[in-house]
Amino acid sequence: MLAAYMHELSMASNIIDIAIHEAKKRNATSVIEVNLVVGKYSMLGLEQLCYCYDLLVKDTLLKNSKLNMEHEDGKIHCDKCKYKGPIPLKEELEYHIIFPTLVCPKCGNPAEIISGRDCYIKSLRVKK
Amino acid sequence: MTKIVEHKEDEVFDIELEESILKKNEDFAKKNSELFKTHNIKTIDIMGSIGSGKTSLIEAMVKRLKEKYQIAVLNGDLTTTIDSDRVAKHGVDVIQINTGKECHLDANLISKALEDMELDQLDLIIIENVGNLICPGEFRLGAEQRLVVISVTEGPYMVLKHPFIFMEANVVVINKLDLAEAMNVEFEKLKADVMRINPKAEVIGTSCRNDKGIIYVIGALNLS
Numbered sequence: 001m002l003a004a005y006m007h008e009l010s011m012a013s014n015i016i017d018i019a020i021h022e023a024k025k026r027n028a029t030s031v032i033e034v035n036l037v038v039g040k041y042s043m044l045g046l047e048q049l050c051y052c053y054d055l056l057v058k059d060t061l062l063k064n065s066k067l068n069m070e071h072e073d074g075k076i077h078c079d080k081c082k083y084k085g086p087i088p089l090k091e092e093l094e095y096h097i098i099f100p101t102l103v104c105p106k107c108g109n110p111a112e113i114i115s116g117r118d119c120y121i122k123s124l125r126v127k128k
Numbered sequence: 001m002t003k004i005v006e007h008k009e010d011e012v013f014d015i016e017l018e019e020s021i022l023k024k025n026e027d028f029a030k031k032n033s034e035l036f037k038t039h040n041i042k043t044i045d046i047m048g049s050i051g052s053g054k055t056s057l058i059e060a061m062v063k064r065l066k067e068k069y070q071i072a073v074l075n076g077d078l079t080t081t082i083d084s085d086r087v088a089k090h091g092v093d094v095i096q097i098n099t100g101k102e103c104h105l106d107a108n109l110i111s112k113a114l115e116d117m118e119l120d121q122l123d124l125i126i127i128e129n130v131g132n133l134i135c136p137g138e139f140r141l142g143a144e145q146r147l148v149v150i151s152v153t154e155g156p157y158m159v160l161k162h163p164f165i166f167m168e169a170n171v172v173v174i175n176k177l178d179l180a181e182a183m184n185v186e187f188e189k190l191k192a193d194v195m196r197i198n199p200k201a202e203v204i205g206t207s208c209r210n211d212k213g214i215i216y217v218i219g220a221l222n223l224s
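Taken in sequence, the protein lines are chains A and B.
1 is the number of the first residue of the first sequence in the numbering used here; add one for each residue after it.
1 is the number of the first residue of the second sequence in the numbering used here; add one for each residue after it.
Do not rely on the hints blindly, as some may be mistaken.
To be verified - Below are the DSSO-like pairs computed for lysine-lysine, each with C-alpha atoms no more than 30 Å apart in a straight line:
1) A:K24 / B:K24
2) A:K40 / B:K189
3) B:K112 / A:K63
4) B:K30 / A:K80
5) B:K42 / B:K31
6) A:K128 / B:K23
7) B:K112 / A:K75
8) B:K161 / A:K63
9) A:K24 / B:K31
10) A:K106 / B:K161
11) B:K30 / B:K112
12) A:K63 / A:K127
13) A:K84 / B:K161
14) A:K84 / B:K24
Hints are computed from structural coordinates only; laboratory data are not their basis.
Only a predicted model underlies this, so the values are computations on that prediction, with no experimental measurement involved.
With the rest of the complex left out, here is chain B:
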């Protein structure tokens, strides 16, 4: 609702608005979320830092889940189809969303991608967001669950440096545990940092390269 609160004689007046500049995105997110519910599709927005293993995690999940679910993967990246080609090898539908210069996916881009998809034939959509621990947190896509991936090779302070995105997540994956010792980074310490920020989040350690921990991620997402 908008209303004019003041209208001076000198013809300068105020318009009271209370209009959110994020509203456009929130509206699209709501629309997407309703669409997912109508078609009974489970959806996961996978966010995380560059090179943390988002694509590797998706590959490992898809390998285990493709018999049980009809899966589509939406891959967000600034450019190239490198990630979507990796996922497509596993025989699931993949749509590449190139953002150009934008640092995150937004709900409008997802809604455009959904227009070309046979939603009736799907039961799980995995969305890979653009690698970034800052902006994607702000733009909800309408996915039912949000997962954040970081890895031990990014050092011991990744969580405390980016508290906001961890507030948004319901599952947090700490990847590359096979390299933890070499990196002198402790999984338990990173996990404790997440819990201090967001006690609701489930924190899982993985080594996607070795297919370790994936079943626990699947369990945390209620997909098993």
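Looking at chain A on its own, in the form it has when it is part of the complex:
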């Protein structure tokens, strides 16, 4: 069963390791909440992540803790015209698909992603 969630399993395990490390550093006895920010353009499946998290927190300081997730939108930056803003989306009506593009919406030149790829722990709520 776990093999189906390979990528999310290792990410959930990372989250728990970081939380335990930080909680112990401050002599906390348990972690009540983990507040996670997930970039819209990271490859993480959130349901799978929650599933793996619930499996892994058993018998740790994070037992019965809540994993809260907040989305972060993707942003691009164009070096040429200095545009900074949301990743433009294009629609392909024929296939009913909406896909992101790195084409700058202002000048048409290639742009770089500056946010929305990462996944990070914003904060933890712990009990002493």
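Given the coordinates of chain A, assemble chain B onto it according to the supplied hints.
Coordinates of chain B only, in the frame set by chain A:
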């Protein structure tokens, strides 16, 4: 930097972290990248779908480049040495990295493989990632360039279905063009899809089986 922002009397308090869960991988990737630079080694991370021709492309590239460069190939796969045996026949150093169940290579595995290599004697490392168009995009390995391989036999929608990995690539190879007509798939249409997602990418059509298009891939990677 971590700081405590709140410490209530009831002894429940918040710790502000901003700690990336991908950071561990990014740190290893940075370390690998510095190591490659110190030893003046060019590196390419080859990603792509299962059966698209990643190993065939590497074989074709190695055949043409082994006189010019001292090459090592790192082959990532869940299990077996089938791919590395194919590449090793061409007389270059090959290291097999078996991920077990993981769907991608990560920078830590690469860094472990590098420990056993004579980096001073190499000028080109080609890394074959695990066949998958989803996860490898997320885990940078520290390679200087990233190349994605797909083939016409996977149908006409491969690019639009997996936009994220194409955003990560600087070269995209569309392989098995000798079968394009039979598959009723147009190279130009796939190329246009890549350009709509990532206008910076260079898109090359190949038929690795027939050794067609390989010089253009080598050119796009600035290896000629």
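Status of each hint after checking the structure:
1. For a cut-off of 30 Å, the pair hint linking A:K24 to B:K24 stands: about 19 Å separates their Cα positions.
2. Between the alpha carbons of A:K40 and B:K189 the distance comes to roughly 27 Å, so the proposed pair stays at or under 30 Å and holds.
3. Using a Cα cut-off of 30 Å, the hinted pair B:K112 and A:K63 is violated, with the two alpha carbons roughly 33 Å apart.
4. This hinted pair checks out: B:K30 and A:K80 have alpha carbons roughly 27 Å apart, not beyond 30 Å.
5. At most 30 Å may separate the alpha-carbon atoms for a hinted pair to count; B:K42 and B:K31 meet this at roughly 15 Å.
6. Straight-line distance between C-alpha atoms of A:K128 and B:K23 comes to about 27 Å, which keeps the hinted pair within the 30 Å bound.
7. Between B:K112 and A:K75 the CA atoms are separated by roughly 34 Å; this puts the pair beyond 30 Å, and the hint is violated.
8. The suggested pairing of B:K161 with A:K63 is violated, with an alpha-carbon distance near 38 Å, which exceeds 30 Å.
9. Taking the CA atoms of A:K24 and B:K31, the gap is about 28 Å. The hint holds against a cut of 30 Å.
10. For the hint pairing A:K106 with B:K161, the CA-to-CA distance comes to about 25 Å; that is within 30 Å, so the pair holds.
11. Annotation: proposed proximity of B:K30 to B:K112 holds, straight-line Cα distance about 14 Å (limit 30 Å).
12. About 12 Å separates the Cα atoms of A:K63 and A:K127, which keeps this hinted pair within 30 Å; it holds.
13. In summary, the hint linking A:K84 to B:K161 is supported, as the alpha carbons are separated by about 26 Å, within the 30 Å threshold.
14. Between A:K84 and B:K24 the CA atoms are separated by roughly 28 Å; this keeps the pair inside 30 Å, and the hint holds.
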